[in-house]
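Protein chains in written order, with my numbering: chain A, 1 to 78; chain B, 1001 to 1325.
Watch out, some of these pointers could steer you wrong.
Unchecked claim - Some, not all, of what chain B presents toward chain A, calculated at C-beta under 10 Å:
no.: 1; residue: I1059
no.: 2; residue: E1199
no.: 3; residue: N1202
Unchecked claim - Partial list, derived from the structure: chain A residues whose beta carbon lies under 10 Å from chain B:
no.: 4; residue: T9
no.: 5; residue: P12
no.: 6; residue: A32
no.: 7; residue: V34
no.: 8; residue: K36
no.: 9; residue: M41
no.: 10; residue: N47
no.: 11; residue: S50
no.: 12; residue: V53
no.: 13; residue: V55
no.: 14; residue: E58
no.: 15; residue: K63
no.: 16; residue: R65
no.: 17; residue: V66
no.: 18; residue: L75
These are calculated hints, taken from the structure and not from any lab test. Beta carbons are placed, not taken as given, at the ideal position from N, Cα and C, and that holds for glycine.
One-letter residues, chain by chain:
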Amino acid sequence: MKNIKILGTGCPKCKQTTALVEQVVKETGVDATVEKVEDIMEIMKYNVLSTPVLVIDEEITIKGRVPSKSEVTELLTK
Amino acid sequence: MFDWIQNMADWIVFDLLKLEQGQHLAEALNFFIYDSVKILLLLFVIIFLMGIINSYFPIEKVRNFLSRNKLFGLEYLMASLFGVVTPFCSCSSVPLFIGFVRGGIPLGVTFSFLITSPLVNEVAIGLFVGLFGLKITLMYVISGVLLGMTAGIILGKFKLERFLTPWVKEVLANAEREGEAFAEEKTPFKERLPIIWAEVVNILKGVVPYVIVGIGIGGLMHGYIPEGFFEKYMNKDNLFAVPIATILAVPMYSNASGILPVVQVLVTKGIPLGTAIAFMMGVVGLSLPEAMLLKKVMTMKLIGVFFGVVTLCIIISGYLFNIIL
Chain A
1 MKNIKILGTG CPKCKQTTAL VEQVVKETGV DATVEKVEDI MEIMKYNVLS
51 TPVLVIDEEI TIKGRVPSKS EVTELLTK
Chain B
1001 MFDWIQNMAD WIVFDLLKLE QGQHLAEALN FFIYDSVKIL LLLFVIIFLM
1051 GIINSYFPIE KVRNFLSRNK LFGLEYLMAS LFGVVTPFCS CSSVPLFIGF
1101 VRGGIPLGVT FSFLITSPLV NEVAIGLFVG LFGLKITLMY VISGVLLGMT
1151 AGIILGKFKL ERFLTPWVKE VLANAEREGE AFAEEKTPFK ERLPIIWAEV
1201 VNILKGVVPY VIVGIGIGGL MHGYIPEGFF EKYMNKDNLF AVPIATILAV
1251 PMYSNASGIL PVVQVLVTKG IPLGTAIAFM MGVVGLSLPE AMLLKKVMTM
1301 KLIGVFFGVV TLCIIISGYL FNIIL
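One chain only, chain A, in its complex shape (with noise of 0.2 Å):
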């Protein structure tokens, strides 16, 4: 299974990022459980310097921008 964790202080890039994850994992079916990080002291401990983040399995794979729904779909599928 995976663990998947969006990153972000509540903006609307990373809503849309959260709503696209979600609507991928429905999708493809992925075991996944996706997680919404808001605590900005939690975010801190990723070290990034830019939101939305997304991570998955601790991972950190995008930072900084809402990503493509193909790029999700890659990087949970793979």
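Dock chain B against the given chain A, drawing on the hints supplied.
Frame of chain A; chain B shown alone:
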């Protein structure tokens, strides 16, 4: 350069819609079509160019560069210049702030970056070129960079570290120079393009409605407010005009892209350019949502000092513009 847009606007209004030349509605519509097409086109070009720069100029590199090199004062200029080329979403300001100070970058230098980043951004530049022309855009950009630098140096002198929130102080105390190996993305341009493109579309979607409404309001005002109307109240000799304009501007934020087209019309109606630029810097550079976010890392006192110093610098540059222009 933009003759073809004028021709197109003429064709739509006079040939396609068969409105008569000289008619008030026809002139307003003509102005509206010409202005919107020109401004949207310039916005698109500039956001796209900045997107390409950004894609190759990640923020981590900036941070690492600033924390690795001792620049003897030049770091304020560097931080300010970096602020121009990096995109800024106010929601990133907190992680950015912490990331910078944790990397050992002095607070003042971090402030330089934090000030210029929203002040001189791709949307503002695009609108400026479209509305005021290249010369004034250049002046805006240069004064934005100088302002970020100056305010950063002043704030650095205040020794403000003690006004950070406790948990940030803790972060600072445990600051270790993370010698993180920065994995450079070696994505070819062809693969970057769709990502940049998506970002451009995203930004445009967010600002276009405001810009259109702004141009619409500007167009109406263009026709109804007599030339030189504001000279009576807001001329260069009125010393209160600049501070009032700046202080009014600070709380405005989300509709910055809608305000610029209106301000341009106000300038043609007699508001001095320096006053107008101070107003626009206030709108673009400082905002209440940003202050709310910064509350997580700074005490109210520090936010107050930060906003106060920047507001003061904006007011001073407004006066300077009024004297020079």
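Now the hints, each set against the structure:
1. I1059: Where the cut-off is 10 Å and the nearest Cβ of chain A is about 5 Å from B:I1059, the hint holds.
2. E1199: With Cβ-Cβ at 6 Å, under 10 Å, it holds.
3. N1202: B:N1202 check passes; min Cβ-Cβ to chain A is 7 Å, inside 10 Å.
4. T9: For A:T9, the interface hint holds, since the closest Cβ of chain B sits about 5 Å away, which is under 10 Å.
5. P12: With a closest approach of 8 Å, the A:P12 hint holds.
6. A32: violated, 23 Å
7. V34: violated, 20 Å
8. K36: Violated - the Cβ of A:K36 stays beyond 10 Å from chain B, reaching only about 14 Å at its closest.
9. M41: holds, 6 Å
10. N47: holds, 7 Å
11. S50: holds, 5 Å
12. V53: For A:V53, the interface hint holds, since the closest Cβ of chain B sits about 9 Å away, which is under 10 Å.
13. V55: With Cβ-Cβ at 14 Å, over 10 Å, it is violated.
14. E58: violated, 15 Å
15. K63: holds, 9 Å
16. R65: holds, 6 Å
17. V66: A:V66 check passes; min Cβ-Cβ to chain B is 7 Å, inside 10 Å.
18. L75: violated, 14 Å
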